[in-house]
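Colleague: Sequence:
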Amino acid sequence: MSNKNLDIPLNLELPRDTVMPRRSKIGDLFKRFFDLTVAALGMVLLAPLFFYLCLRVKRDSPGPAIYRGPRVGKDGKRFYIHKFRTMYERPDSYQGNPITSHDDPRITPFGRWLRKTKLNELPQLWNVFVGEMSLVGPRPEDPEMIKQWPEDVRGEVLSVKPGITSPASILYRHEESLLSMGEVMTTYLNDILPSKLRLDQLYVRHRSFWGDVDILFWTLMALPASPKTFQPGEKKLFLGPFSSLMRHYINWFLIDALTTLSAMALTGLIWRSLGPLNIGWPIAISIALMFSLVFSLSNVILNVHRINWKRASAADALDLIPGVIVATILCLAGNSFVFHQLFSAVGIIPARASNPLLPPTMIGMAASLAYVGFLAVRYRERLLTGLAKRWIALRGAKKGIYERVLIIGSGETGQFAAWLLGNGRFANAFRVMGFVDDSIFLQGTRIQGINVIGQRNDIPSLVRKYDIGMIVFAIHNISKKERSQILEICRKTQARLVIFPDISAAISGITRIGDKKFDQPPENRALPDTSDFFVDLETRLDQLEESAQKGNLKETLAQIQALRAHLQGKPHLSAGCRPKGT
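Mapping of the sequence shown onto this note's numbering: position 300 corresponds to residue 300, and the numbering continues sequentially without gaps.
No lab work stands behind these hints, which were simulated from the structure alone.
Just to be clear, a hint being listed does not mean it is correct.
[As the list claims (entries may be wrong)] Okay, derived cross-link-like pairs now, DSSO-like style, lysine-lysine, Cα gap no bigger than 27 Å in a straight line: (1) Lys-118 <-> Lys-235; (2) Lys-465 <-> Lys-554; (3) Lys-492 <-> Lys-465; (4) Lys-236 <-> Lys-147; (5) Lys-74 <-> Lys-58; (6) Lys-147 <-> Lys-58; (7) Lys-492 <-> Lys-25; (8) Lys-116 <-> Lys-310; (9) Lys-58 <-> Lys-77; (10) Lys-74 <-> Lys-147; (11) Lys-74 <-> Lys-310; (12) Lys-116 <-> Lys-83; (13) Lys-74 <-> Lys-25; (14) Lys-118 <-> Lys-147; (15) Lys-492 <-> Lys-554; (16) Lys-58 <-> Lys-25; (17) Lys-77 <-> Lys-118; (18) Lys-58 <-> Lys-83; (19) Lys-118 <-> Lys-74; (20) Lys-147 <-> Lys-83; (21) Lys-25 <-> Lys-118.
[What the hints assert, rightly or not] Here are the in silico distance ranges between beta carbons for each label pair: (22) Val-498 <-> Phe-209: 41 to 49 Å; (23) Ser-273 <-> Phe-416: 43 to 51 Å; (24) Ala-40 <-> Val-372: 25 to 33 Å; (25) Ala-427 <-> Asp-467: 45 to 53 Å; (26) Gly-233 <-> Phe-416: 35 to 43 Å.
Ideal Cβ placement from N, Cα and C applies to all residues, glycine included.
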């Protein structure tokens, strides 16, 4: 029954461009604690069922009740998986095809029922208990099947513990019915395996505790149902009810509640520093808790959590205002009537006229601070990043750490170039020192967090002052003469010159190509507008001239070849289509 020769070559290195999620040790410990607890309780509570199934397996056919098969686990570590035996105990059961079909003669009558109900997988609770498996994870495979996996997928899928259930095992829970004896391996390798591996990769990249709870929930829902009546889509599998509830509601509800409590506490401290409040700690704490509940519920009811706050724009901050206004009105009403009657009924305060428990201005101050807190927790990453950049700018970056960049033009193209250099993989390599723009009204202003520090005639002095290593030319809405003059100034400096493409013109060209006038018959169509093409062509010629002046023959030849390929991709030019003035 056992296969001791488990050593097979495995490539467990991930491709360089594979983005693996960050996993905290606390999260891994919590997952392990959850697995251990559920596995232990499951084995205790299901012990009578285990005993009954063992008797039925042995009565059905001679042989052991438990099957132990070799599998590959986390980081390529081999282990033996436990299942209730579903095949006859004979040599062909272990030497035959590792993939089974619905009509496989090796399966026993009772084994077919066990496979259909998935009860044969229950002994894997022991594998979970000893740490070889998890409740949720990619299904473990036979060592021989691992050889069939693509190398770029193998390391990623084997970077986590295998599980009893997974998104792939739910969608393909009746996999055997899709296979027939004649073409088991061909159908599995070509049609089923690629889809299962893709689902396993998605799980590895986006796994979370509440996502695991969702998968366990869908597993329990799927087992008694047939594939035709219950087939949850990928969206439900990876973003089910529990993870959606936690991600979009519970997490933000708790965060908003804590934020409101902090705002109330700060307001109370400020108010007490100015004069007595005289309501007592029990009432103050009770009111703060009620206020936090009202503010959190207002945000939930108005559905502000539908916004992806990590990628939210500044305008999205306005969506928080209605919730704050509604919560403030409710709190003012409660402060004057509801809270007073409630505290009077329980005897905390004496029954008297409905006087406000807190000054209305105090509630207004707490609401304002709560709104500021809501903004801070939602935009915290950008706030911290902005503060860090300002700190670096104030103290001055050390030479040699960044390539210092000067951007010519503060319009849309220049702003896009600045964003591109300040984010993503370029963020640690470049630092934009400022914009150069000839508009006198823009001098000394700040655009997208970057200062406009001079005009075209200031370029040489700015290059020396800020030790500029690269100039990005990103202005295109000027005449050819002005363009040549500015480029000549840039070339006289020691900085490397890079010409940024005209993104706006390219997008405008795309929208014109999609215009209805091109749906007309060919004989009625106007010649296409090629002005955007010649803007790009002029940019390429400038780059060619730059490399030629530097005497870089290899780069010049490469650019000529690229230009020739670019021209060959414009067949309408051969028909004599030229913009005016060219």
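Colleague: Decide, hint by hint, whether the structure agrees.
Modeller: Hints and how they fare:
1. Lys-118 <-> Lys-235: With Cα atoms ~24 Å apart, Lys-118 and Lys-235 stay inside 27 Å; holds.
2. Lys-465 <-> Lys-554: violated (33 Å)
3. Lys-492 <-> Lys-465: Judged against 27 Å, a Cα distance of about 15 Å means the pair holds.
4. Lys-236 <-> Lys-147: Outside the cut-off at roughly 31 Å; violated.
5. Lys-74 <-> Lys-58: violated (32 Å)
6. Lys-147 <-> Lys-58: violated (34 Å)
7. Lys-492 <-> Lys-25: violated (55 Å)
8. Lys-116 <-> Lys-310: This hinted pair is violated, its Cα atoms lying about 44 Å apart.
9. Lys-58 <-> Lys-77: violated (31 Å)
10. Lys-74 <-> Lys-147: Holds. Lys-74 to Lys-147 sits at ~15 Å (cutoff 27 Å).
11. Lys-74 <-> Lys-310: The hint is violated at about 32 Å.
12. Lys-116 <-> Lys-83: Distance ~14 Å between Lys-116 and Lys-83 Cα, so the pair holds.
13. Lys-74 <-> Lys-25: holds (16 Å)
14. Lys-118 <-> Lys-147: Holds - the C-alpha atoms of Lys-147 and Lys-118 are around 26 Å apart, at most 27 Å.
15. Lys-492 <-> Lys-554: holds (22 Å)
16. Lys-58 <-> Lys-25: violated (43 Å)
17. Lys-77 <-> Lys-118: Holds: Lys-77 and Lys-118 sit about 25 Å apart, inside 27 Å.
18. Lys-58 <-> Lys-83: holds (13 Å)
19. Lys-118 <-> Lys-74: holds (23 Å)
20. Lys-147 <-> Lys-83: holds (23 Å)
21. Lys-25 <-> Lys-118: violated (32 Å)
22. Val-498 <-> Phe-209: 41 to 49 Å: holds (46 Å)
23. Ser-273 <-> Phe-416: 43 to 51 Å: The hinted range 43 to 51 Å holds for Ser-273 and Phe-416, with Cβ atoms some 48 Å apart.
24. Ala-40 <-> Val-372: 25 to 33 Å: violated (47 Å)
25. Ala-427 <-> Asp-467: 45 to 53 Å: At roughly 19 Å between Cβ atoms, Asp-467 and Ala-427 fall outside 45 to 53 Å, so the hint is violated.
26. Gly-233 <-> Phe-416: 35 to 43 Å: The hint (35 to 43 Å, Cβ to Cβ) holds, given that Gly-233 and Phe-416 are roughly 37 Å apart.
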